[in-house]
Every structure is written in structure tokens, then in C-alpha cells.
Amino acid sequence: MLVMGEVHTGLLQNSGEISEPACRQVLGLMTGETVRVSRRPIVHALSPDRLTGVDCVLPAASGSRIRGVGTVVSRCAVTGGRVAQGSSYVRLARSETDRRLPWSHYLARPGVIEVLGKARAADIAEGFVGEGAPRLHGCLDLTAVTGRFLDLVQTSPLLNRRAPFRMPRTILRWVAEAGEPSIAFTLHTEQERTLRLTHPGPFTPAVVDLCEDLAVHDWLLTSLLVVVERARVGATPAAEVAARLSPAVDHLLHLWMPAARVEERLTPFWESLERRPGFSRQWRSLVDRVRDQLAVHTLALLSANAETGGR
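Just so we're aligned, residue 1 is where the sequence shown starts under my numbering, counting upward by one.
Simulated from the structure, these hints should not be mistaken for lab results.
For clarity, every value in this text was computed on a predicted model and none was experimentally measured.
Yeah, the Cβ is synthetic: ideal placement off N, Cα and C, and Gly gets one too.
Accuracy of the hints is not assured; some may be wrong.
Unchecked claim - Okay, the calculated beta carbon distance ranges per label pair:
#1 E271 to A238: 34 to 42 Å
#2 H254 to L101: 45 to 53 Å
#3 E33 to G53: 13 to 21 Å
#4 L302 to E229: 25 to 33 Å
#5 R148 to D288: 34 to 42 Å
#6 R109 to T198: 19 to 27 Å
#7 D250 to L152: 25 to 33 Å
#8 R36 to S272: 26 to 34 Å
#9 A178 to L51: 20 to 28 Å
#10 R39 to G16: 12 to 20 Å
What the hints assert, rightly or not - Derived SDA-like pairs (lysine to any residue); straight-line CA-CA distance at most 20 Å:
#11 K118 to R94
#12 K118 to V69
#13 K118 to L101
#14 K118 to R135
#15 K118 to R100
#16 K118 to G63
#17 K118 to V57
#18 K118 to S104
#19 K118 to E177
#20 K118 to D98
#21 K118 to R91
#22 K118 to A61
#23 K118 to A163
#24 K118 to R99
#25 K118 to A93
#26 K118 to D55
#27 K118 to M1
#28 K118 to R67
#29 K118 to S62
#30 K118 to S64
Using the sequences provided together with the hints, build the complete structure.
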């Protein structure tokens, strides 16, 4: 019927990059479950899935009270030992009955919310990602579910809580349906984005991987843009500009690897976003600006040292 989810992305609350063993410990939030780690082309650690039971009203643009019962799947990830993500998603399916069943029934279908009664997928999708959609009391709140799980990671005693710079989390809210391939990414505020995706074939977790990959690169681009704006190039002394830009070099620039972990059949969606709005094009422009400013500052220091040494 419909799949919808949220991805929260932020800077890991630590002064520096954490190692692979530390990633495993930080994400090892469930006893007996394995943290999955991939090392190429960049270290990426993924927590075990966590289920949250819900019996709630589903979002609907029409304001209809649509009841859903089931479980939300959540997970956390750390990319490059530097960026933390919390992610939750649900797949909606029509219930075979109009009454709630025992929890054992829903636990046997992880990540599925069964819709009781009549509902239109388009109405729910618009209610979830549309602007100005009404939020009824007791409505499904993936923001709270995802945020709590990510907070558990960010408050790990293994992290020193001394992040090199302050950067707010971004929230990507997404919906996916079966159909002719299309993708639409929208910026709503400095922190909130939405993604509408249609793709042929049944839903697989690879769609979640795509949304998480998009979210981490959107956060990187947003963060680099903020760092450059805070540097106030042209209005601040060169030494101060260089000092404000250096965290980007130390903690962000090496993490840009779009679609590196996306299933091959889904890479055309990334290619579409590269054409418009052009993530990598804007990233390269900002990276060049950062490096040019640091190069100018370095040349100025060398010139000043040469003049001092010649006296």
C-alpha cells in the first residue's frame, strides 16, 4: 500500500572520529544482537533493528481518523565515525479484519502497520509529507520514535560530548510507493526535508538505504554551507576565516561519497538528483571555496614569513 519513514542526521557528539570498535560499542544497544559494519568505501556501522509497537491514528491530508496498529522498525548508523543517523520506517497494509488482533500477530510482521477500515494511500502519503496537513491527537509520531533512538546513541558514555562545532540535526520525511520511477526532494526549512519516491517492484530495505544515503549527504551539504556562511568570507580577517573553515576540512570533506552504499537498481534516483538540484555540483563549489580561502591564507603567511626573514 505505502511505505513511509524518517531519517534524522547529525554530527556525532564527540571531539573526533571514533574507531570501528567504538562504533560497534556505541551502536550495540541490544544485548545479543550484532552491529553490522562495512569498511569500503567508507566505514559504516549499522545497529540492529528495534521495534516499537503502535496503536494510533495515521496521518491523513483529509483529516480522517484512520486507525493503524503494528510495529515501527528503527535503527541507528554511524558513517565515517563522524555522522550519526536515526532512521524509522513502516509499511502500511490493509488489515484483513476491522478489529485489533493480539500483539503476537503484529510482532510476527515487523515494520508493518495494519490499517483498520477504509483508507487511500494518497491521502495518508499527503498527510505525512504534505505541508499544512492536519495532525490529529494520537497521530503516528515517527519523529519522537526516531529521535529517542538517536538520543540513546548520542548520549553514549563512550562519547566525550565535545563536538568540534555546533550543527542542528536534519529530518528527512519520506514516502515510497510502487509505480513508474520518479523522485521528488523538497527543502521546507533549514532542518526539514521531504522525499516522494515511486519505484517498480515490491518494497525492500534497499529503499531505506537510499533514503539514509540521501539524508547523510544532504546533511553534509547543509553543514558545509553553514560553516562557509559562519566564516563570513570577505567580512572577517583571513586568519579568522581560516580558523572557522578548518573544521570542515578535518571532519566533513572526506565523507562525500554519494550512492556508494545504494543498490545498483536504485542508483538512477541519485543520478536524477545529481542533475537537479545538483548535490555534487554545489558540494564541489563549496569545497573549492573552502580550499581557495585556506590556500590564500597560507600564501599570505608564507609571504609574511619571507618578508620577516629577509630583514
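Now for the hints, and whether the structure bears them out:
| no. | hint | in the structure |
| --- | --- | --- |
| 1 | E271 to A238: 34 to 42 Å | 39 Å, holds |
| 2 | H254 to L101: 45 to 53 Å | 49 Å, holds |
| 3 | E33 to G53: 13 to 21 Å | 18 Å, holds |
| 4 | L302 to E229: 25 to 33 Å | 28 Å, holds |
| 5 | R148 to D288: 34 to 42 Å | 39 Å, holds |
| 6 | R109 to T198: 19 to 27 Å | 23 Å, holds |
| 7 | D250 to L152: 25 to 33 Å | 26 Å, holds |
| 8 | R36 to S272: 26 to 34 Å | 28 Å, holds |
| 9 | A178 to L51: 20 to 28 Å | 24 Å, holds |
| 10 | R39 to G16: 12 to 20 Å | 19 Å, holds |
| 11 | K118 to R94 | 8 Å, holds |
| 12 | K118 to V69 | 14 Å, holds |
| 13 | K118 to L101 | 17 Å, holds |
| 14 | K118 to R135 | 19 Å, holds |
| 15 | K118 to R100 | 15 Å, holds |
| 16 | K118 to G63 | 14 Å, holds |
| 17 | K118 to V57 | 13 Å, holds |
| 18 | K118 to S104 | 23 Å, violated |
| 19 | K118 to E177 | 18 Å, holds |
| 20 | K118 to D98 | 9 Å, holds |
| 21 | K118 to R91 | 16 Å, holds |
| 22 | K118 to A61 | 14 Å, holds |
| 23 | K118 to A163 | 48 Å, violated |
| 24 | K118 to R99 | 13 Å, holds |
| 25 | K118 to A93 | 11 Å, holds |
| 26 | K118 to D55 | 16 Å, holds |
| 27 | K118 to M1 | 12 Å, holds |
| 28 | K118 to R67 | 10 Å, holds |
| 29 | K118 to S62 | 13 Å, holds |
| 30 | K118 to S64 | 10 Å, holds |
Consistency with the previously given hints fails for numbers 18 and 23, ordered from lowest to highest.
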